[in-house]
Amino acid sequence: MNTPRIIVASIVSSLTIACAHAPPSELVDARAAYERAAGGPAATYAPADLHVAKESLTVAEQRFKDDGDGELTRDQAYIAQRKAEYSEVLARIAMLTKGIAEAAEQEASLKERNAARTKEELARTKAALADSKTTAANTAAELEAERKRREEAEKRAAQANADLARIAAIKQEERGTVITLSGAVLFSSNKYELLPAAQAKLNQVAEALLMNDPESTFVVEGHTDSQGKAALNQTLSENRAKAVRDYLVSHGVAADRITAKGHGSSRPVADNTSAEGRADNRRVEIIISPKKS
Amino acid sequence: MRVELLLGIVCAATACARFPPPNETLANSMASIRGAEEAGAAQVPKAALSLQLAREQLDKAKALLKDGENELAHSMALRAINDAELANALAREEKARAEAKRAQREVEAVAGDSK
Numbered sequence: 001m002n003t004p005r006i007i008v009a010s011i012v013s014s015l016t017i018a019c020a021h022a023p024p025s026e027l028v029d030a031r032a033a034y035e036r037a038a039g040g041p042a043a044t045y046a047p048a049d050l051h052v053a054k055e056s057l058t059v060a061e062q063r064f065k066d067d068g069d070g071e072l073t074r075d076q077a078y079i080a081q082r083k084a085e086y087s088e089v090l091a092r093i094a095m096l097t098k099g100i101a102e103a104a105e106q107e108a109s110l111k112e113r114n115a116a117r118t119k120e121e122l123a124r125t126k127a128a129l130a131d132s133k134t135t136a137a138n139t140a141a142e143l144e145a146e147r148k149r150r151e152e153a154e155k156r157a158a159q160a161n162a163d164l165a166r167i168a169a170i171k172q173e174e175r176g177t178v179i180t181l182s183g184a185v186l187f188s189s190n191k192y193e194l195l196p197a198a199q200a201k202l203n204q205v206a207e208a209l210l211m212n213d214p215e216s217t218f219v220v221e222g223h224t225d226s227q228g229k230a231a232l233n234q235t236l237s238e239n240r241a242k243a244v245r246d247y248l249v250s251h252g253v254a255a256d257r258i259t260a261k262g263h264g265s266s267r268p269v270a271d272n273t274s275a276e277g278r279a280d281n282r283r284v285e286i287i288i289s290p291k292k293s
Numbered sequence: 001m002r003v004e005l006l007l008g009i010v011c012a013a014t015a016c017a018r019f020p021p022p023n024e025t026l027a028n029s030m031a032s033i034r035g036a037e038e039a040g041a042a043q044v045p046k047a048a049l050s051l052q053l054a055r056e057q058l059d060k061a062k063a064l065l066k067d068g069e070n071e072l073a074h075s076m077a078l079r080a081i082n083d084a085e086l087a088n089a090l091a092r093e094e095k096a097r098a099e100a101k102r103a104q105r106e107v108e109a110v111a112g113d114s115k
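Sequence order for the protein chains is X and P.
Just so you know, we're using this note's numbering here: the first sequence kicks off at 1 and counts up by one.
Just so you know, we're using this note's numbering here: the second sequence kicks off at 1 and counts up by one.
Hints are computed from structural coordinates only; laboratory data are not their basis.
Accuracy of the hints is not assured; some may be wrong.
Distance windows between CB atoms, simulated [unchecked claim]:
| # | chain 1 | residue 1 | chain 2 | residue 2 | range |
| --- | --- | --- | --- | --- | --- |
| 1 | P | Lys-66 | X | Thr-97 | 37 to 47 Å |
| 2 | P | Ala-27 | X | Ala-115 | 46 to 56 Å |
| 3 | X | Arg-36 | P | Ala-42 | 50 to 60 Å |
| 4 | P | Asn-23 | X | Thr-97 | 32 to 42 Å |
| 5 | X | Ala-137 | P | Glu-106 | 39 to 49 Å |
| 6 | X | Ala-43 | P | Ala-98 | 22 to 32 Å |
Going by beta-carbon spacing under 10 Å, a handful of chain X positions derived as facing chain P [stated by the list, open to error]:
| # | residue |
| --- | --- |
| 7 | Ser-56 |
| 8 | Thr-58 |
| 9 | Gln-62 |
| 10 | Leu-72 |
| 11 | Asp-75 |
| 12 | Gln-76 |
| 13 | Tyr-78 |
| 14 | Ile-93 |
| 15 | Gly-99 |
| 16 | Ile-100 |
| 17 | Glu-102 |
| 18 | Glu-107 |
| 19 | Leu-110 |
Glycine included, each C-beta is placed from N, C-alpha and C at the ideal position.
Whole structure, please, built from the sequences with the hints as guidance.
Right, dumping it as structure tokens:
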């Protein structure tokens, strides 16, 4: 009977002792708060305040050891907890402040880079503008050169036509410019081989044709007088036109620009009853058609 | 029993005599509370809580002082000071956070310009 009582008593007494030694919740909280702060950014960003919190906790621990769980111990522990929390807040403020400073720095460097890029773009734009001005000037110069070239080409064409006018009749008709060469100058009677003297004239004609607008086309027409059979005249006129065309092609006139046609005696320009008239009718005409497709 | 009681009374009396009225600590806690208020603690929820605790503790300290509990009043005033300072820091943290966000947005805006 005695033994259980002793046991109970010892349990009670040990409990009492445990109670006497159990720290107040404020101290437990203060220890936890300090541990948390010490393990966080406060160690780096608010070491002085963390140190103050530690000293405050040490005072609380000492007071608990000396005076036990009293009002003053609780107050001191409460204060230590607040100081630990305070150090954490200060650490966060320090980090935010650092972040603000870094952002400002980043912003400044970005602005600087943007400004540099704007400057660069401006320089590029200026260069492009200068370039386009040069191009415009070049274009104007080219236009002027082209205008001169044309002027000269026209002058040359006029000169060639004038030269041609001395050896052939030139008329402006509805169908185009018509160059008429006398048959007697080009061919022997009833033949369609070109006479040697004809070649010099045809050289001049070729030259004149080449001076013309490159888009214009040419038709070589052969004509005879009304003497002899119409069918023979037709063939002769065709062969003559072809001979002239081939000669002109061999002297630089593009083959696809020039065609040959025979009209026989069907298109007289003069009276076939007189020798003079017949001579006029024996002819080769070269018609220049501007810009015919 | 009587001796103990007497001893207690004497102790208390000497303690009272030894510990001077914590007028300065109370004044400091009032100043800290004002500081927290000026920092805008009442407008920041977490800070407002600490500010409220500080005010209540200041009231308790005043009451303790009235009762002649000088040392407890001093200790309670210190609690008020620490809560007020925590409230102050929490308010400043909130401002710094807002400022950091603004700065970040500005950086993003400038970075956006350079795209």
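Against the structure, the hints come out as follows:
{"no.": "1", "hint": "P/Lys-66 x X/Thr-97: 37 to 47 Å", "in the structure": "holds (43 Å)"}
{"no.": "2", "hint": "P/Ala-27 x X/Ala-115: 46 to 56 Å", "in the structure": "holds (54 Å)"}
{"no.": "3", "hint": "X/Arg-36 x P/Ala-42: 50 to 60 Å", "in the structure": "violated (27 Å)"}
{"no.": "4", "hint": "P/Asn-23 x X/Thr-97: 32 to 42 Å", "in the structure": "holds (36 Å)"}
{"no.": "5", "hint": "X/Ala-137 x P/Glu-106: 39 to 49 Å", "in the structure": "holds (46 Å)"}
{"no.": "6", "hint": "X/Ala-43 x P/Ala-98: 22 to 32 Å", "in the structure": "holds (26 Å)"}
{"no.": "7", "hint": "Ser-56", "in the structure": "holds (9 Å)"}
{"no.": "8", "hint": "Thr-58", "in the structure": "violated (16 Å)"}
{"no.": "9", "hint": "Gln-62", "in the structure": "violated (15 Å)"}
{"no.": "10", "hint": "Leu-72", "in the structure": "holds (5 Å)"}
{"no.": "11", "hint": "Asp-75", "in the structure": "holds (4 Å)"}
{"no.": "12", "hint": "Gln-76", "in the structure": "holds (7 Å)"}
{"no.": "13", "hint": "Tyr-78", "in the structure": "holds (5 Å)"}
{"no.": "14", "hint": "Ile-93", "in the structure": "holds (5 Å)"}
{"no.": "15", "hint": "Gly-99", "in the structure": "holds (5 Å)"}
{"no.": "16", "hint": "Ile-100", "in the structure": "holds (5 Å)"}
{"no.": "17", "hint": "Glu-102", "in the structure": "holds (9 Å)"}
{"no.": "18", "hint": "Glu-107", "in the structure": "holds (5 Å)"}
{"no.": "19", "hint": "Leu-110", "in the structure": "holds (4 Å)"}
Of the hints listed earlier, those the structure fails to meet are numbers 3, 8, 9, in rising order.
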